[in-house]
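**Q** Construct the complete structure from the given sequences, taking the supplied hints into account.
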Amino acid sequence: MLFSAVAVNLNKVGFNFTTDQLFMLTALPSVSGAIMRVPYSFVIPIFGGRRWTAISTCLLIAPCLWLGVVVQDPATPFHIFVIIALLCGFGGANFASSMANISFFFPKAKQGGALGLNGGLGNLGVSVMQLVAPLAITLGMFGLFGGSGHLQPDGSQLWLENAAWIWVPFLLVATLAAWFGMNDLAASKASLRQQLPVLKRGHLWLLSLLYLSTFGSFIGFFRRVRHAVEDPVSGCGDPALCLLRPVPWRAGASGRRRAVRSLRRCPRDADQLRADGAVCRTAVPDAAKRRLIRFLYRLLRRLYAAVPDGGLGSGSTFQMIAVIFRKITVDRVKAAGGSDAEAQREAVTDTAAALGFISAIGAIGGFFIPKAFGTSLAMTGSPAGAMKVFLVFYILCVAVTWLVYGRKARG
1 MLFSAVAVNL NKVGFNFTTD QLFMLTALPS VSGAIMRVPY SFVIPIFGGR
51 RWTAISTCLL IAPCLWLGVV VQDPATPFHI FVIIALLCGF GGANFASSMA
101 NISFFFPKAK QGGALGLNGG LGNLGVSVMQ LVAPLAITLG MFGLFGGSGH
151 LQPDGSQLWL ENAAWIWVPF LLVATLAAWF GMNDLAASKA SLRQQLPVLK
201 RGHLWLLSLL YLSTFGSFIG FFRRVRHAVE DPVSGCGDPA LCLLRPVPWR
251 AGASGRRRAV RSLRRCPRDA DQLRADGAVC RTAVPDAAKR RLIRFLYRLL
301 RRLYAAVPDG GLGSGSTFQM IAVIFRKITV DRVKAAGGSD AEAQREAVTD
351 TAAALGFISA IGAIGGFFIP KAFGTSLAMT GSPAGAMKVF LVFYILCVAV
401 TWLVYGRKAR G
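Under UniProt numbering, the first residue of the sequence shown is numbered 1, with each subsequent residue one higher.
Nothing false has been slipped in among the hints.
With a straight-line Cα cutoff of 25 Å, these simulated BS3-like cross-link-like pairs (lysine-lysine) come out:
no.	residue 1	residue 2
1	Lys327	Lys110
2	Lys110	Lys334
3	Lys388	Lys371
4	Lys200	Lys334
5	Lys12	Lys371
6	Lys200	Lys327
Honestly, the hints are just simulated from the structure, not real lab data.
**A** Below, the structure is given as structure tokens:
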């Protein structure tokens, strides 16, 4: 989320990037993050959770330092920002490795709650970034390290480098805490060959679809709204919504059924979405931006209500992953004549690998949702076209959730 806070201010400090370039910088971290989530989740059983968490966290310091330097030079070419944006996406990959690592530490009864809590607190960082970065760039806190403010037309100054540099001390503390405070579990060791068969499981692809509809929508719409206006948007209220994500660790099947019922409300908003699109098409240029941001905020609120409250839906999906993959793996190993110990050991490995791969699919939403809005606006002058596609996709997810996971098991 760092570039969603930085890109919107680049032209205010002397750069001359187009709107498409700024949207691209915002979307690129999702691409690299989604791609790297897969290997990041697989390496935990190979190298160990402590080592990999410390190393991968330390690596995030480099793009933060680099970004803080280049934003002070308006002559910096666009491709440099592209490289830094891709490096920033590795932070999303860290999330996948943390979920894989946590899955090794907790027994079956507590694994869903631990995963939901970690996911909820992790997503809280989205809102923390939006709240802290706009405040940090108004203060000259790193003058001793070469930070220089950029004078604005209203007489104020922007220290855009602060948006990146402010996270360096926290990353250093997290790196040291991981190295000296975490453990590498011998039971979590597994080769890449032992983990890859999880890609053949049908439930992996179904749960990837559901996670894309929940977490992918959450992160994608947040980034789209962030760049719909010129002034920084803090996303007030979103921290509370992120905290709802751990709730499903006690919701169980009833929570998933409530999510299905909430998703059914989506079609009721179709007429209003079309009306909002018509307003955006007919509004005068100065009013169009205000109309668009109001439309997007209404859209974001409806998205939260649909899953429900956005983060709660992705937390439910993570709980389902832990429960479903443990059960199908145990049943499969025992059916093949394996012992209970072998079944439990393989279930832990499969669950960790599935968590990483599914989280990678969900992260792709952070790229495609902003791009879909941009394409729809370019072709029709309205975001309604993209919303029609999203609506069909959400209806499909409702059907999958209800038909595969929402009904009580028979027999």
